[in-house]
Amino acid sequence: MSIIKKIAKKDLGKLLDEWSRDFTVFSPSKASGIARMEVWQGGEASFLDWYRNTVIPPKDIVLPLLEEMFSFSKSEEGYKLETPPADDSKRLIFGIRPCDARALSIIDMTYGDGYQDNYYMQRRNNTLLVGLGCTNPYDSCFCTALGGNPHDTTTMDVMLTDIGDGLLAEAVSQTGKELLQKTAELKAATEEDRTKAENVKQAAEKKISRNIETEGIAEKLRACFEDKEFWQQTAAKCVGCGICTLLCPTCYCFDISDEKTEDGGVRVRSLDSCSFSVYTKMPMENPRSEKWQRVRNRVCHKYEYYPMLFDTIACTGCGRCIRLCPVNWDITQTLNSLPG
Amino acid sequence: MTIDNISHRKKFLAQDNAYLPHIAVIEKIIEETPDTLTFHFNFKDEKLKQEFTFESGQFGEYSVFGVGEATFCISSSPTRRQHLEFAVKRVGKVTNALHRLGVGAEIGFRGPFGNGFPLDKLKGKNLVFVAGGIGLAPLRSLIWNVIDNRKDYGKIDIVYGARSSADLCFKYDLEQWAKDESLKMTTTIDRDDGQWKGKTGFVPQVLEQAAPSAKDAVAVVCGPPVMIRFTFPVLEKLGFTPEQMLTTLEKKMKCGIGKCGRCNIGDIYVCRDGPVFSYAQIKDFISSEY
Amino acid sequence: MEQSKDWEPRIVGFLCKWCSYAGADLAGISRKKYPANIRIIRVPCSGRVDPLFILKALRLGFDGVLVSGCHPGDCHYQSGNYRARRRFAVTKKMLESMGVDPRRVQASWVSASEGGKFVEVVNKLINDIKEIGPNELFSDGKQQPVKTDS
Amino acid sequence: MENSNQSKLIAEAKARLQKGKVQRVIGFAQGSLRFVTTPLITSDVDELEKLVINPFIANNLSNYLVGLEGKTAITAKGCDSRSIVSLIQDNKIKREDVVILGIPCTGIIDLAKIEKLTGRDRDEIEDINREGDKVTVNIGEDKKEFAAKEVLYDNCLHCDVPTPEEYDVLIGSPVNPKPEAEEVKLKELKEKLPEERWRFWQEEFSRCIRCYACRNVCPSCFCQRCFVEESQPQWLAPAPHWQDNLLFQVVRSIHLAGRCTDCGECERACPVNIPLRSLTREMYDIVDDLFDCQAGSDKDTPPLMTAYEDEEAEGLFL
Chain A
1 MSIIKKIAKK DLGKLLDEWS RDFTVFSPSK ASGIARMEVW QGGEASFLDW YRNTVIPPKD
61 IVLPLLEEMF SFSKSEEGYK LETPPADDSK RLIFGIRPCD ARALSIIDMT YGDGYQDNYY
121 MQRRNNTLLV GLGCTNPYDS CFCTALGGNP HDTTTMDVML TDIGDGLLAE AVSQTGKELL
181 QKTAELKAAT EEDRTKAENV KQAAEKKISR NIETEGIAEK LRACFEDKEF WQQTAAKCVG
241 CGICTLLCPT CYCFDISDEK TEDGGVRVRS LDSCSFSVYT KMPMENPRSE KWQRVRNRVC
301 HKYEYYPMLF DTIACTGCGR CIRLCPVNWD ITQTLNSLPG
Chain B
1 MTIDNISHRK KFLAQDNAYL PHIAVIEKII EETPDTLTFH FNFKDEKLKQ EFTFESGQFG
61 EYSVFGVGEA TFCISSSPTR RQHLEFAVKR VGKVTNALHR LGVGAEIGFR GPFGNGFPLD
121 KLKGKNLVFV AGGIGLAPLR SLIWNVIDNR KDYGKIDIVY GARSSADLCF KYDLEQWAKD
181 ESLKMTTTID RDDGQWKGKT GFVPQVLEQA APSAKDAVAV VCGPPVMIRF TFPVLEKLGF
241 TPEQMLTTLE KKMKCGIGKC GRCNIGDIYV CRDGPVFSYA QIKDFISSEY
Chain C
1 MEQSKDWEPR IVGFLCKWCS YAGADLAGIS RKKYPANIRI IRVPCSGRVD PLFILKALRL
61 GFDGVLVSGC HPGDCHYQSG NYRARRRFAV TKKMLESMGV DPRRVQASWV SASEGGKFVE
121 VVNKLINDIK EIGPNELFSD GKQQPVKTDS
Chain D
1 MENSNQSKLI AEAKARLQKG KVQRVIGFAQ GSLRFVTTPL ITSDVDELEK LVINPFIANN
61 LSNYLVGLEG KTAITAKGCD SRSIVSLIQD NKIKREDVVI LGIPCTGIID LAKIEKLTGR
121 DRDEIEDINR EGDKVTVNIG EDKKEFAAKE VLYDNCLHCD VPTPEEYDVL IGSPVNPKPE
181 AEEVKLKELK EKLPEERWRF WQEEFSRCIR CYACRNVCPS CFCQRCFVEE SQPQWLAPAP
241 HWQDNLLFQV VRSIHLAGRC TDCGECERAC PVNIPLRSLT REMYDIVDDL FDCQAGSDKD
301 TPPLMTAYED EEAEGLFL
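Residue numbers (the working numbering), protein chains in the order written: chain A, 1 to 340; chain B, 1 to 290; chain C, 1 to 150; chain D, 1 to 318.
Because the hints were derived from the structure by calculation, they are not lab data.
Think of the CB as a built atom: it goes at the ideal place given N, C-alpha and C, for glycine as much as any other residue.
One should not assume that every hint holds.
As the list claims (entries may be wrong) - If you want the footprint, here are the derived chain D segments under chain C, 3+ residues with CB under 8 Å: (1) 65 to 76; (2) 248 to 257; (3) 277 to 287; (4) 291 to 300.
Unchecked claim - Think about it this way: if two alpha-carbon atoms lie no more than 20 Å apart in a straight line, the pair counts; the simulated EDC-like pairs of lysine to aspartate or glutamate are: (5) A:K206 to D:E126; (6) B:K251 to A:E290; (7) A:K228 to D:E314; (8) D:K113 to A:D11; (9) B:K89 to A:D139; (10) A:K260 to D:E314; (11) C:K124 to D:E314; (12) A:K291 to D:E69.
Chain A with its partners taken away, still in its complex shape (with noise of 0.2 Å):
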C-alpha cells in the first residue's frame, strides 16, 4: 500500500525546517539573483509562486561545479597528499523537476561504472529526491518526447503533486516511505484530493507540444554521421558557448587542474563542456578542432553514445539548453532534420 499523504501550503515552511533537523534541506531560491537549488533558510515557502524549474540544475548539489579532489604538499620527505573529508552529510533536494531527477540516474550510469567516482557516488547516495511535478512546463519542454513525463516518478524518493491549496506527497522509494512516515505533520490524503492529483497530472502532461521522434534516432544519427555539410548547417548559428552543456541536468563531463599554494596546492576538478575546442586540443592535434564537430559530439553524445552505452538517451526533455541559448539553437529542430 503506498503511502500518500498532504501538505497544506501554508504549513510547507515548517515542514522544511523539520526536515532540515536531519538533512540539508535545499529549494528553489533566487537570492543569489538566479533560479537555482538553495539551503533552506526557514520562513515562508515563497518559492512556489515563482518556481517552474531552476536555472542552474540541481545536478549542482552532487556534481558541484568546482571541487577539490585533493591537496598535496611538499616537505623533505616529499610529497604528501590528502582527500578532503568525505562528505557524508545527508542531503534533501525540494521540489526537484522530474527531468533533472532522471538526469541524475543518468549521470550514475557512468559515474557509478566501472572505477566509481566515489566524490560523486558519496553525496548521491546521501541525498534524497523530494520531487515536485510540474503544473506549468515551459514551451521549451519535452520530456514527454523522451520517456518522461512532468510527474515522472524515476528515481524520486518522494513525489509531490501541487493541487492548488497543497501538494499531494507521495512515497516512491522505501527512504521515501521513510521520510513521510517519520514526519508527524502530515495528513493523509483523501479520494477527492487524489482524483484532484490525477486531474492535475493529466493537463499538465497536454501542455507540452514539444516534440521529438526517438524511434531509431541512434541509427538516424550513426547514419549521418559523416555528412559534413549537414553539421555544418546545424552548427552555422551556434556561438560555441558552454551554455548548453554547464547548464545541461545529465552532462557531466569536467576538468581537473592543479592550482599551487605557496607550500603545496590542491588539484581541483570543475566541470567542463564539449563545445570548447581546448576540451580535446593535445599540443600538436586537436580531432574536434571545428564547431561543427562538436556540436555533433553534443547531440550525438546524448543521443547517439548514450544509447549505444546504455541504452538510455542522456536527454530528459528539460529545455534548458533551449531556454537558455542566447541564439535559439534547438536541439529538436536539429533531431527533427536529420537526413535520411
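Given the coordinates of chain A, work out where chains B, C and D should sit on it, guided by the hints.
Leaving out everything else, chains B, C and D in the frame of chain A:
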C-alpha cells in the same frame, strides 16, 4: 560497441579513489632525442613497488604536482619489472614540466588504465610491428614482452621510422633488435639527412616494400595520426583484414577512467575501451574524428 | 585598514628595457637607494604590457603595479609607448570605476638617464601603497590558491 | 518596423542572393520559442521567406561575419552596423564583402523586463505589441500597457545610432534618436562607494559558470585564441573561482576598448544574469571621455588602440 563487450576493465590496484595518484620517484632519465626523454621510475611505497602489475599497452596518468597531469603509456615491458618507464616528448605544459625534473624528483602516477594488448590473441601469430617516432613507446613494451617469451610467437617484423636519424627513439633497443636474428628489423627515416646510412622513406611506403605476409599475422601500428591513416590502407593491400590490425590511440585525457568525457571517438572511450583497438572497431570514425 | 606592523608592500614593475630598465640600472650603479619592495620585469617596450599583466599581478596579490617606459617621442620602436599610454589609461580608468584605488596602478616615463626619477617614482608608489594598505581585492577571507605558473 | 519593411527586406535579400551578388544572407527568423528570434544563415533563396523584422530581433549578427568566405548580405540595426564598421577597422572583414541591409530601429524589447513587470514568464504571455511609445502585453484576459522605455533593453535607452550609419540599402525610413531614459542598473552602481563596487562585482562573478557566452557572442571578441585558453603561461585557472571569473571579464572589457559598441549582447547572453553591460558600458564611456572615441563610427580611422595623438592622457603618468 555495447555494454557487453567493454567488460575488459581492470580492477584498480590498492586504493579506492582512482583520482588519487601514487607517489613515484624518478630513478633515471635517458635523452632519446633532443625533445624526448625516457624516465625510469619506481613507486615510493614498498608494497606497491612489489605488487604493481600491468600489461603492455596500458597507460598511466602522470602528475607534476602544481602543474597537472598528462597521459603516457608504460613503455617498459611487464617482463622486466626492476622499474617502470615512460617516454615524454616535450610539447605542452606538463611535458615541459616533466622535462625540467631531475633524478630523485617525485611525480604522481595513476594507473594502470586501459585494456593493453590482447596477448592471448597474439600468441602463436606472426607479428608485424609498425611504428613512427615516439609511437614506438607502447609497442616497445609489447616487443620486449614478446622477445622475452619468444617461443610463444611466430615470425616478427618490425618497421620503425622517424623524421630524421636524430628523431629515432630507443636507439639502444633498435641496435639490439637489429642484431637479434629471431626477428626482422627495418629502420627508416623520412628523408636522407646526410648522416644516415640506412633506409629512407615514409613508414607506410617502407612497410609496403617489406611486404610482410598477412597469413596468420597480426599487425600492430602506432605513430602519429597521419602515419596511422596511411598505414592501414597499405596493410589492407598486403591482405590484412581490419581484425588483423591493432593500434593504440592517443587522445587528450583527464580522468583516464571513462568519466571526464573528452577522449571519445564516437561511442568508444579511448581511456576505458582502449587505448588498444582493432582497426575494425574504429574504422567508421577514424577519418573524421581522429 | 588593519595591517600588521611589519607589512611591506610588494610591487611589480614592468620596465621598458631601453629606458626605464636602464634608468633603474643607473639608479643602482649610482648607489641611489630605493626600497627592495619592487620586483622588476624587463619588457622589450612599454607597449608590450598587456592590461592582462597588470590584472594578473593584482590577482597574484601584488600590492601595486608600475608600468614605465620611454618618454613620449623617444620610443625605440617609434610608437610603442604611445600605444602603451592609451592602453594604460583605459586600464587605470576601468579599474578605478570598478572600485580599485587608482594609486595601486601607476605609470611613468623614465629615461635611461633618469636614475633619480626612477627612485622618486618607486618611492612615491610605495608611499601611496602604504597609505592605501595591502591588496585584498582578490581575497575572500579564505586562503586562495595562487598560481605562479611560469 | 512594419510588415512592408519585412517584405522589402526579403525582396532585397533575394535579389542579391539570386543574382549571385552574395553567397549567403544573414538575418533574423522567428525562433522556436514565443517572441524569440533566431539568426538565419542561409544560401537557400527559399529560406529567405523566413526573414523577419520585429521588435525582438536582439542578436548582433555581425558576430558571424568573421572568417566567412565570399560575400555576405547581413541585416543590421544601428548598433550592429557599428560593430560591422569596427570589424572593418580591425581588418577582420572587408567592406566590399558585406552588403549591409540596414534596419532603422527604435529599440528592442527586453523580454526579461516584461517578465519582471508582469510577473509572468515569456511563454505565459500571449501577445506583445508595440505601437510608437506604447507596448501592450496580453496575458489571458489581462491587458497591460507599458511605456516603451520601461521595456526596452537598457542599451536602447540612449541609443546614439537608431538608424545604421553604414549601409548599402536602408529598409524603411530613418528614425531619430530616442529621448534618453535613465539606466537604473548603471546609476545604482555608480552611486556605490569604491569598495562596495568591487564587492558588488565579486558577488556577481561568484555566479559565473565560465560558459564564455559573453565572449562568444561578442563581435569584438574575435581573437583566434583567447588568453583564457593559453596554457603556457596559464593566465587563468580553468576552474571558475570568482577571482578568475572577474579577472577574465575585466581584461575582456579592457581588450574591447574602442571596439565595444555597447550592443549589450554579452549581458543578454549571460545565463546567470551578470550585468556585464555595466562593465562594457563603462569602457565605452571611458574611451569617449579620454579619446572622443565612439567605436565603429568611422571605418576609415584606425582602431583606437593602434593609434595615438602626440599629447593625450598625460595626467595619468608620473
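Checklist entry - Broken hints, numbered, in rising order? => result Per hint list: 1, 4, 7, 8, 9, 10 violated.
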